[in-house]
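Residue numbers (the numbering used here), protein chains in the order written: chain B, 10 to 423; chain X, 97 to 384; chain V, 381 to 725; chain E, 10 to 262.
Hints are computed from structural coordinates only; laboratory data are not their basis.
Keep in mind it's a predicted model, so treat the numbers as computed, not measured.
Here a beta-carbon is modelled for each residue, glycine too, at the ideal position from N, C-alpha and C.
No false leads were slipped in.
Reference listing, derived: stretches of chain B covered by chain X, where coverage requires no fewer than 3 residues with Cβ under 8 Å from a Cβ of chain X:
1) 223-237
2) 254-262
3) 267-278
Straight-line C-alpha distance at most 25 Å; calculated DMTMM-like pairs for lysine to aspartate or glutamate:
4) B:213 x V:478
5) E:91 x X:272
6) B:213 x V:533
Anything over 12 Å on all C-beta distances counts as not near chain X; from chain V, calculated:
7) 407
8) 409
9) 411
10) 424
11) 474
12) 485
13) 548
14) 553
15) 574
16) 580
17) 599
18) 606
19) 712
20) 715
21) 721
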Amino acid sequence: MSKSHFKPVLALALMGTLALTACASTAGDSTSEAEAPITIGVLLPLTGPLSTLGKEMQNGYEVARTLFNEAGGVDGRQIEFQVSDAPTPEDAVSVAGTLSTDPDVTAIMGSYSSSIAIPASAVASRNQMPYWETGSVAAATTDRGLSHLYRTVISAAMPAYSNATQEFISKVAAPALESSPDELRFGLVFEDGAYGTSASDQFKALAGTEGYNLVATESYAANTNDLTSVIERLKAAKIDVLYSVPNINDAILLTQQSAALGFKPAYTLGNGTGYTSVDFIAAVGDTADGLVVADAAPLNISDSLLSADLSPTYSEFITAYEEQIGRKPLTHATLGYVGATVLFQEVLSKAETLDADGIVAAAEAVDLGPGETVASFGVKFDETGQNERAGWFFMQYQEGELVTIYPTALASGQ
Amino acid sequence: MTTIQILVSGVLIGGVYALLAVGITLVLGVMKIVNFAQGELLMVGMYLTLLLHTVLGLHPYVAFPIVVVALFGLGAGIHFGLLRWVVDRGHTQQIVLTLGIGIVLQSAALMIFGGSFQSLQIEPFRGGSIVIGSISIGTTRLAAFVVAGIATIALLFLLDRTLTGKAMRATAMDRDAATLMGIPVQRVYLITMGIGSALAGAAGVMLMPIYPVYPTVGVNILLIGFVVVVLGGLGSVAGAFLGGIIIGVVEALAGFWLGAAMSQIVVFALFIVILLVRPQGILKGDTV
Amino acid sequence: MSQQIVNRSSGPIDPMVRSRPLPKHSLLIGFGVVAIALLAFVSSSAPVFYGHMIVMTLIYAALATSWNIIGGFAGQLSLGHAAFFGLGAYTSSILFVDFGISPWIGLLIALLGGATLGLLIGIPTFRLRGPYFALATLALGIILLNVAVHFRELTGGHVGISLPPTEGWGTMTFLNRWQYVVIAGGYLLVCLLISGIILSNRFGYQLAAVREDEEAARALGVNATRVKLLAGTLSGGLAAGIGTIYAQYILFLTPDSVLGTAVSIEIIVLAIVGGSGKLYGPLLGAVLLIPAGQLVLREFGGALPGLHTLVYGVIVIIVILLFPRGIWGMLTDTAALINRRRKHS
Amino acid sequence: MRLSKHIWETILPFLEIHDVRVNYGEVEALRGATLSVNEGETVAIVGANGAGKTTLINSISGLNRLSSGSIMFEGQPLGDLKPHRLPELGIVQVPEGRRLFARLSVDDNLQLGAYHKRARRDSVKGREEIYRLLPVLQDRKDQLAGTLSGGQQQMLAIGRALMAQPRLLLLDEPSLGLAPIVVTELFSIIARIASEGTAVLLVEQNVSRALALSNRAYALQQGTVIMEGTGQELLNDPGLPAAMLGIAAAAKE
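So here's chain B without its partners, still in its complex pose (with noise of 0.2 Å):
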């Protein structure tokens, strides 16, 4: 009996060995032939709650490719997608270890979420290999310096952010209330979750600079499924703008309760994710009208508010998206384009060698100006590797579709 206390060791033993014996034979076969594909490792959350915008992201990214591979790709090279998924931040280690160091991956494109960002993209600046962030937000992200990490996406620390909302506040929506900002009650409400808290806490801190009246802040839990108190404790403080930071579901929840609980303040100022998902228009339908969403991409836009040098065009990119996707972008969709167009174009194909160090140096060397991508913003990265140049757009559901509302000069409505 006593010999069975070896068997756990001997099975992790084995354990090891046939690990030993699995990478023996993965690892070997890698050609660098001029005409062999270049291998792009996306890491996405797919499963679980994060799945519905992550999706909407890898079908930009497969629009990308699509059209860049149909366009001659890298001198010939067609770009390949190894798609991974990691639905905790737990697999997002995993994931991002695995695929940095798989010697066919050149650099690694994801992952929507802060939460997934974070992690995967710390191992891989551990490892070396480029991580080309497209979605999150977070001020986190870029905060740590990290040596491979380029952003494409806006940080909600930037400036531009909170200016823009600032500027937006002052020059559209407090005039379409015939007030000034300051004579305004704000109110704050938004899900605890990794998102919602800093979104929130950039508009604290803006509310705090300008002097904003804020007279209600409130949080819940995003799985929440009644939210009739925090919608009362609204009420109860009268507010005239709500800024609000739900996501996918809450957000329907929020729209619909509201609607039903006769909670309407004079304007409602949405910040992206759940407001801009498929999801939120097909629950809400013309419930939405009016409402006011800030999100990292705009939408709906005309091919001539861009750069004529622009190619593929945003019309090009809409109808590509619509005949592979069968219906239009959404931003997380076109940011997810612009960041893989950005990589393929201006990086991969531009670079002097596909290595992490060749890589590296041209994308510090990406300059694209306003206009010169699909989301209207360009591209240059600061020491951090935050996408300087990234903008915050104001759009606002019209007949239940989204209307790029400001920046002013965007604006293809209203």
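Please build the complex by placing chains X, V and E on the supplied structure of chain B, with the hints as guidance.
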């Protein structure tokens, strides 16, 4: 006035909790099994409602009987294929088995429907509410509450007045004695699990127009369901109904006074206090 | 004294008590050290995926082994064990990030914190029986999760805590994985040793007596409450320690990833599938399920979302139905049967 | 080999228990007990605590699994049947400690006694008969069973079993914990049931009363039958007190 509105909303959402909790308490009372898959059964009910609407165009309230019968079948099937083998074992094995069943249902839903949030618009009810003075009552929530009440009363009638119901209660009280009287205990369990599951289905139908469905939607509601069951007294159907309303009101009031973020802490702290101070619940478990 | 009485009693604990000679702890240490060395070597040369798989397996094996003390040996179904794991992870991480205290010291403080929490939770909840205890621990886990979410100044809320990637033994942070294999493997070995010592001592028999029939155990003079409290304290402390190692490995904490109910459930599933109450059951469960889950996730994750959890659920159902004593129990039963046959022939 | 039912009934005893063994874990509670009951007969089983009496009666009604041996009822092996099918055949047990459905009314308890199909048809009439036989229940018909006195509970337990229209009534320690005057009443009721043609297998600690009532009796010790004979024979057997006092011997095991 606001407090009344909060109370009304709490009572209404409490109806949904009650509907789920009544099913949990019934299975617990009769079979002595804590069913951790009850939330997933509700999720199945929601998806089924959605499917009947999108494929056959059925209004959810028209689909109600179909979903309830289908979920009865699913519950009975789960008993026949799985739970039957563990009724004699310890609660650890039973709990882990139902957890396993829940994981399987959740994964299956993810594979079939994907992870996105899907909701159902039904025109006559969407955003619809009855306004009395300054109190607004959501019609879909009111409907859910009414169904919860009717289901509870119907179940109480079944348990109190019919031979099948009495056999269920007898089995709950003394399984061996019931066997000696010729009561087919496993069939009673099958029916119990079927009814418990059908109640989860009913909750799913009523929740579908209120709340979007996604594969893990049941998890959070299930936890509240447990709180309600313990509050109401394990195995007490009437207690579960009352407990559902109390928890709905507590949650709403705590949310209003302390903020929504604190309401979860308050609810689960209340749960611990009940467990420690009055584990038998507000009504002793004597309905089943 | 009570041990003797338990020994003579005719309940189901009897065969188990009689058939177990004193474990050869030195053998366990010897083979454990060799296995860790081997695994460390493997993980330093194998692709990251396999290295990660080994580290995660060791971490979860240690976690499930710590759960086993209260959940298996004492038979108290704790559904909130993530509370200890998360407490340990947050304690050392906050000390490290905010006060610059080395994770090694953080680990010791986490151990103490977990043990204290185990004691504090135990005092009120061990009065509860069966499903009540399970539900109470479930609720406590949820409360702790909500506290971590709510008190953002301390924990960062859902945004989480990001640990600095400063490499070195002093900071318990490494670029490579073999060091983590050594640390987590060593910790697992400690958990196994403590469990083995418990099982071969009077304490182990007392726990078994409480598990099989608490009333009878009390009647035989076992101080059931004290025995359970001690088990809960040990179990909680060990689970908290592994939390620190996890935090230093992943370098990023969110409430859901260390305090979530899913973590608690995973721990139980590993232990039950492997064989709860058996010394090596939880280890076996982790060795079988963690790599299986990771492999399925890697192979099919993107294409067939949900498959890896489906496989998990199906394994749980099959094991519960066919091998109620877990896979370890099934293996030892089979071995005993073969032995008996051999003797007969 | 196929014989008509009539022939089976004439050659084979009503209930035949042959070399039955039952184990609880590693403990043998019954070690080869053999006994029989004829149609309409009252048979008592006496023995010390732990002699295996309750195990034996639970084995007949299917609550215990046999390790070996057989129990035949009118030529049919009972081991093949699910326990809940036995009342249909006419075998009904009144378990030790009454085991009433405490939070159901007296009337509901009786109604549940007549659960199997054959009895269910006569449920209403059956209850009237029980109330006539046991008038003490009539007045308490809507009371919860748990609120009755010990004696009333025992009457209800017997009444509940009678609702199933038994042909063989198994009684496990019916007099346990009852006042002497109630015990007398109880035994007169049992005698009345037996006189109406129902076979009774009675396990009792009250040895003298049980033996006086029975046609035949068996004494059990450590799971085997050590004595058998008419009630009077056993009563007069000098070995009986030793069998009853076999406590020390049994506990040594």
